[in-house]
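*Asks:* Chains as they are written, first to last, in my numbering: chain A, 1 to 142; chain B, 1001 to 1802.
Note that these hints are calculated values from the structure, not bench results. There could be a bad hint or two in this list.
To be verified - Cross-link-like lysine to any residue pairs, in silico, SDA-like; alpha carbons within 25 Å at most:
1) B:K1432 x B:D1410
2) A:K76 x B:F1733
3) B:K1605 x A:E34
4) B:K1550 x A:T96
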Amino acid sequence: MNQSEPLTNRWVRIAGTDAIPLREGRAVQIAGHEIAVFNLGDRFLAVENKCPHRGGPLADGIISGSNVVCPLHAWKIDLASGEVLNQAATPQCIKTFATRVEDGVLLLEIPVVATATTHLSPDCLVSISHGSYLTRTASREV
Amino acid sequence: MNRLVVIGNGMAGVACVEQILKHAPKFDIIVFGEETHVNYNRILLSSVLAGEKSSDDIVLNSLDWYEKNQIQLRLGVRITEIDPVAKSVTGDDGSVTAFDKLLIATGSNPLIPPMEGTKKEGVYVFRNLDDTRALLERAGKGVKAVVIGGGLLGLEAARGLQVQGSDVTVVHLMDTLMERQLDLTGGGYLKSKMECLGVKVLLERSTTAILGNGKVSGLAFKDGTSIAADLVVIAAGIRPNVELARKAGLQVNRGIVVNDFMETSHPDIFAVGECVEHNGTCYGLVAPLLEQGKILAATITGNKGPRFEGSVPAAKLKIMGVDVFSAGDFSDKAPGTDLVRYEDPALGVYKKLALRDGKLCGAILVGDTADSHRYMDWLRSREDLTPHRRQLLFPAPSGDAGLDVASMPDTKVICGCIGVTKGTIIDAIHSKGVNTLAQLKECTRASTGCGSCTEHCQQLLKAVVPEFQEEAERILCKCLSYSEEKLRDIVRGQRIFSVQQVLDIYGNSLGCEICKPALSYMMDVVWCGDHDEDRSARYINDRVHANIQKDGTFSVVPRMRGGVTSAKELRRIADVAEKYKVPMVKVTGSQRIDLLGVKKSDLPKIWADLGMPSGQAYTKGVRMVKTCVGTDFCRFGVQDSTKAGIELERRLEHLYTPAKVKMGAVGCPRNCAEATVKDIGLVGQEGAWQVVVGGAAGKKVRKADLLITVESTEEALQAATLFFQYYRENANFLERTYDFVERIGIEKVRRETVYAPLAVQQGLRERLRKSKRLARDAWLEGDEPRHPTQFVQIESIEKVFQ
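So here's chain A without its partners, still in its complex pose (with noise of 0.2 Å):
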């Protein structure tokens, strides 16, 4: 990414809810950025998936409350607000996103480059048909 051009967020759709288990988090890569995002069960948390110590894959760590611990040496981070919490010595933050779910599917909030240009896959064109979002999406991006 070119630091030069215009940064934007951009809602960008990730997967139905139900690709995230119950208390578990998942890795999802996109626009050069590898998310965790976790199921909370009342609500979806995303930060970006590595540990500021070691970059161990957060998506991978145990979940507690509304904190992941990181599986490599379990440094404890807040999902809402990307701080490390058990390491008081050197206080430390990571990226966060956004999240919206709509229609059962799961939104992160990502900056992109103003001009990136956005393409759908397959997958989306033929749930196009279906969902009244995923239309006005389309649209839009016609």
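Based on the hints, put chain B in the right spot on chain A.
*Replies:* Below, chain B alone, put in the same frame as chain A:
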């Protein structure tokens, strides 16, 4: 000697007799009991129903006690008439007994609300030991039980029935459970706790009829709806049992009317307990009843003076994990009432205090009742709380556990039920040589009521008795304040099958990386694999059956029983390593081959290509049995260690254990495969096997202890598996065998495994067999994932390129 006749052999009557025995003059005492049991703790019947206690556990006064105190006990005799003029009572056995003084302690009867069909088969009340036994017999798996009444007793009955396996619904007339003790919010918290346990709750339902042709089949409600039921328990409240008194012409309103000295309208007749009415109030909870007994004892023995001045109503729900306490008047109707509230929906904690003129007048605690004693004290003392306003709901943490009890005055009541003060307990410790909790109970009766003061009693013992040893309990983590041993009991006793349920009911509902895997293991071992497996509570290694590496890739170690492989297997391993570009192939210390640096998404394909079972190298489970070449080729071998090791591995593989279990089998004492530093080792001797356990060559180096020496290979395998299952059931999570054996002591380990009674050994074997039957090679999930995205990274529907 004057004769005292007591009608009623329940808690209030007998507690009063106990007090009378402390005074002079002595009476010649006869106690009539309608039930055929000695005096037991009625409050704990729900614990009997829930299987936490046996009926013997709740006995308060054994036959010996009656004998020792020369009390004539007439069980199974119902008194049908009191003659207040001739001063005699008539029993249903025809006997007529004269009295000088009469004590009525007839308690109460269950209240049966007006509805049709209460006489049908399958309709019960829950009042005494016989009711409890009948319910225990009837309740069971698959039985649809409905409890009418959502008060203390109804809820406790519901939980008990549910623990017995029944499908339970509580039907309550009002819009909140325990409406006399809780407000709407507190009732809401309680309702969700009960629902969390699996008890269904229907509010605002008025039952009009119990349906069924002779036998219960369901319930009909006023609103026209109905539900099915095989069993109905009516727990809609109690009514003082006053018929005898009424017939005898005593003054009776709702209860038998008594004054502050517990005297009835007849000079030689007294009454105590749930059957009496004092100042317009009937009491149904234990503490005031025992207080009445004390007053009455003074009155009846000619020491008249102390007065019963009524007492603050207080109630505590006795369902393990559902903490509810309520006391006093907590409404804000009276002017000048301040309500102080705290609630945390995630923790399920709700606290509310009502203060009037700076004094506590009522309290509700749901989800955390640790401070109930403090509030009871404030309610009784009517202390001005203005200086404590900032600490009302959060006491300043006391650093030293002993400090708390040390700072209490001697007059402070420790056991509210029996009314035992700190001074009395200290006196018992010093003058009567009390130094255990059991002795303290025996001597002072403290903590024999509701049992909620047990902790305080223990603290006092600890502070005063130098040799008092508190049971060393290691709390699992801050999410659940129980030891693993206690939790195992809870899980088993309360029939909990999932990690989240334990956390919801007994913990903070959140859980963490410490307790979740520990509870996952506990579920597996307690239910022998027949539990609700929740992968979100497992480490990533146990979600994808591979060992996570520092870069987020995984390692794959196929099982190679006894370290024996073949050219075919090696060829497949080599092919896999090439096909998936495995960065490192390494021979491990466990005589196996490790493929390192594998991507998560390749795992299922690699397993399929390998065609070998999981080696469990990533989990707290059965790792391997390392073997030497035994007798087939070695010129020193005296036992076939290779075959024995392979067989041992086959019998235990795929099982989870508290921590990893590494084993070894060697064919002679030269110990080439290092069996004496393994968790379990078989050491071949001429004509015998030594089975050794608790060895280690890791962070700690420890030579294994000898469990037993046996002659045949089969005996050696049996001994090893007995120890294996014993360790599985009794070790704490992450506790290796070497720590476990040291903690328990090898003598005790032997006593409870290889030298245990046959039935105990069979139990261990049976549970191991069941676990083994349900255990399967984890790598089979490669073909049938538990979840479509178990091994894959999610591909986003919408692609954004930049």
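*Asks:* All hints are to be evaluated individually against the structure, with a verdict given for each.
*Replies:* Status of each hint after checking the structure:
no., hint, result
1, B:K1432 x B:D1410, "17 Å, holds"
2, A:K76 x B:F1733, "21 Å, holds"
3, B:K1605 x A:E34, "24 Å, holds"
4, B:K1550 x A:T96, "23 Å, holds"
When each numbered hint is compared with the structure, no violation occurs for any of them.
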